[in-house]
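Enquirer: In the order they appear, the protein sequences are chains A and B. Just so it is clear: in the first sequence, position 39 is 272 by the numbering used here, and no numbers are missing. Just so it is clear: in the second sequence, position 181 is 414 by the numbering used here, and no numbers are missing.
These aren't lab readings, by the way, just hints derived from the structure by calculation. There's no promise every hint is true.
Because identical chains cannot be distinguished in the list, a pair is counted as satisfied if it fits within a single copy or across any two copies.
Quick list of in silico lysine-lysine cross-link-like pairs, DSBU-like style, CA-CA up to 35 Å [what the hints assert, rightly or not]:
{"#": "1", "residue 1": "Lys-410", "residue 2": "Lys-286"}
{"#": "2", "residue 1": "Lys-249", "residue 2": "Lys-314"}
{"#": "3", "residue 1": "Lys-410", "residue 2": "Lys-314"}
{"#": "4", "residue 1": "Lys-314", "residue 2": "Lys-286"}
{"#": "5", "residue 1": "Lys-249", "residue 2": "Lys-410"}
There are 2 protein chains.
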Amino acid sequence: MLSLERRIMSEGTVAKGDVLRVDRFLNHMVDVRFLSEIGREFHRIFSDCGVNKILTAEASGIAIACMTAQFFDCPVVFAKKSRTSNISGSVYSASAHSYTHGNDNTLTVSRDYISPDDTLLIIDDFLAHGAALGALLDIVSQSGAALVGCGIVIEKAYQGGGDAIRARGIRVESLAKIESMSDDGEIVFAR
Amino acid sequence: MLSLERRIMSEGTVAKGDVLRVDRFLNHMVDVRFLSEIGREFHRIFSDCGVNKILTAEASGIAIACMTAQFFDCPVVFAKKSRTSNISGSVYSASAHSYTHGNDNTLTVSRDYISPDDTLLIIDDFLAHGAALGALLDIVSQSGAALVGCGIVIEKAYQGGGDAIRARGIRVESLAKIESMSDDGEIVFAR
Numbered sequence: 234m235l236s237l238e239r240r241i242m243s244e245g246t247v248a249k250g251d252v253l254r255v256d257r258f259l260n261h262m263v264d265v266r267f268l269s270e271i272g273r274e275f276h277r278i279f280s281d282c283g284v285n286k287i288l289t290a291e292a293s294g295i296a297i298a299c300m301t302a303q304f305f306d307c308p309v310v311f312a313k314k315s316r317t318s319n320i321s322g323s324v325y326s327a328s329a330h331s332y333t334h335g336n337d338n339t340l341t342v343s344r345d346y347i348s349p350d351d352t353l354l355i356i357d358d359f360l361a362h363g364a365a366l367g368a369l370l371d372i373v374s375q376s377g378a379a380l381v382g383c384g385i386v387i388e389k390a391y392q393g394g395g396d397a398i399r400a401r402g403i404r405v406e407s408l409a410k411i412e413s414m415s416d417d418g419e420i421v422f423a424r
Numbered sequence: 234m235l236s237l238e239r240r241i242m243s244e245g246t247v248a249k250g251d252v253l254r255v256d257r258f259l260n261h262m263v264d265v266r267f268l269s270e271i272g273r274e275f276h277r278i279f280s281d282c283g284v285n286k287i288l289t290a291e292a293s294g295i296a297i298a299c300m301t302a303q304f305f306d307c308p309v310v311f312a313k314k315s316r317t318s319n320i321s322g323s324v325y326s327a328s329a330h331s332y333t334h335g336n337d338n339t340l341t342v343s344r345d346y347i348s349p350d351d352t353l354l355i356i357d358d359f360l361a362h363g364a365a366l367g368a369l370l371d372i373v374s375q376s377g378a379a380l381v382g383c384g385i386v387i388e389k390a391y392q393g394g395g396d397a398i399r400a401r402g403i404r405v406e407s408l409a410k411i412e413s414m415s416d417d418g419e420i421v422f423a424r
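With the rest of the complex left out, here is chain A (with noise of 0.2 Å):
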């Protein structure tokens, strides 16, 4: 998506750590507009799927998951980072490990809104070693739900998470897959 391209040239940053910073329009301030074109986006390839509801992973995946719904018509579940006392009854958990925080997190979803009966697609922020992704992907093995696919905003891909996840016969569709990243603030985007 060339627009996400650029956008992510203009106002991303690199920072120490292999971090990429799009916290401009992405995932501290949410520039709702685009956001609503990147949904559009995934609506487009997703379209003929038959989804019938979005999950995704507080905090950052909330915004994008909720723009893109819209183009669904279907609700947004978002998986919690610890089990609090606002889910009722039992759930599904699995276990991933976030490398920009550097800390384990349970991501917890209520058997109340996921079943068999449903078929997701997933949506997501970023995509870099995958571990966050393989636990959305667990929760939906869990549920017994039919899944269409991954669509994720930014692809790491030189970290190799979508890779092994599509080698598993996920379908994983990213919007802008960075090849390469440099400290000096070099991005290359995979063709």
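We have chain A already, so just place chain B on it with the hints.
Expert: Just chain B now, with coordinates in the frame of chain A:
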């Protein structure tokens, strides 16, 4: 907002510890179409106030803030619950006790995204004791931005947080105000 009260009556449940669970449409599964109605209502209330940015807190405020921002055609800034490597530079921060989760959170916003030039609307899902909203107000103060008010989806009015904030001269508009809630599930709305 009558449709919201109806939704709370039909799908909300009262749980031990004075918790109102609305995870079926608001803060775990998200009914995006309904949240768009909520956003339209916030826009109706605050449309003539010159809002150029919406401020909320992760995670459960993000969906509502984004749906609301579409009507204002403005970006959302969501306060993060911990300082992460995703946020660059210096920040505003304020501490809030979470009665739901039983811990303290530090809300953090990058100084890059709120400034004295901004006219902010705060949006959040719940207002009870007012701890989270108090922290957001503290951040607005630190930034020097103008604040038009706070749009809250559900206020637990009997817990006093809303009135304490109104007593400071801050406009707080809640779409559903709960006057009382009993352990056997009875919910009474304020009129």
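Enquirer: Against this structure, judge whether each hint is valid.
Expert: Evaluated hints:
no. : hint                : result
1   : Lys-410 <-> Lys-286 : both (25 Å within a copy, 30 Å between copies)
2   : Lys-249 <-> Lys-314 : both (25 Å within a copy, 21 Å between copies)
3   : Lys-410 <-> Lys-314 : both (26 Å within a copy, 28 Å between copies)
4   : Lys-314 <-> Lys-286 : both (19 Å within a copy, 27 Å between copies)
5   : Lys-249 <-> Lys-410 : within (20 Å within a copy, 46 Å between copies)
The structure meets every hint from the earlier list without exception.
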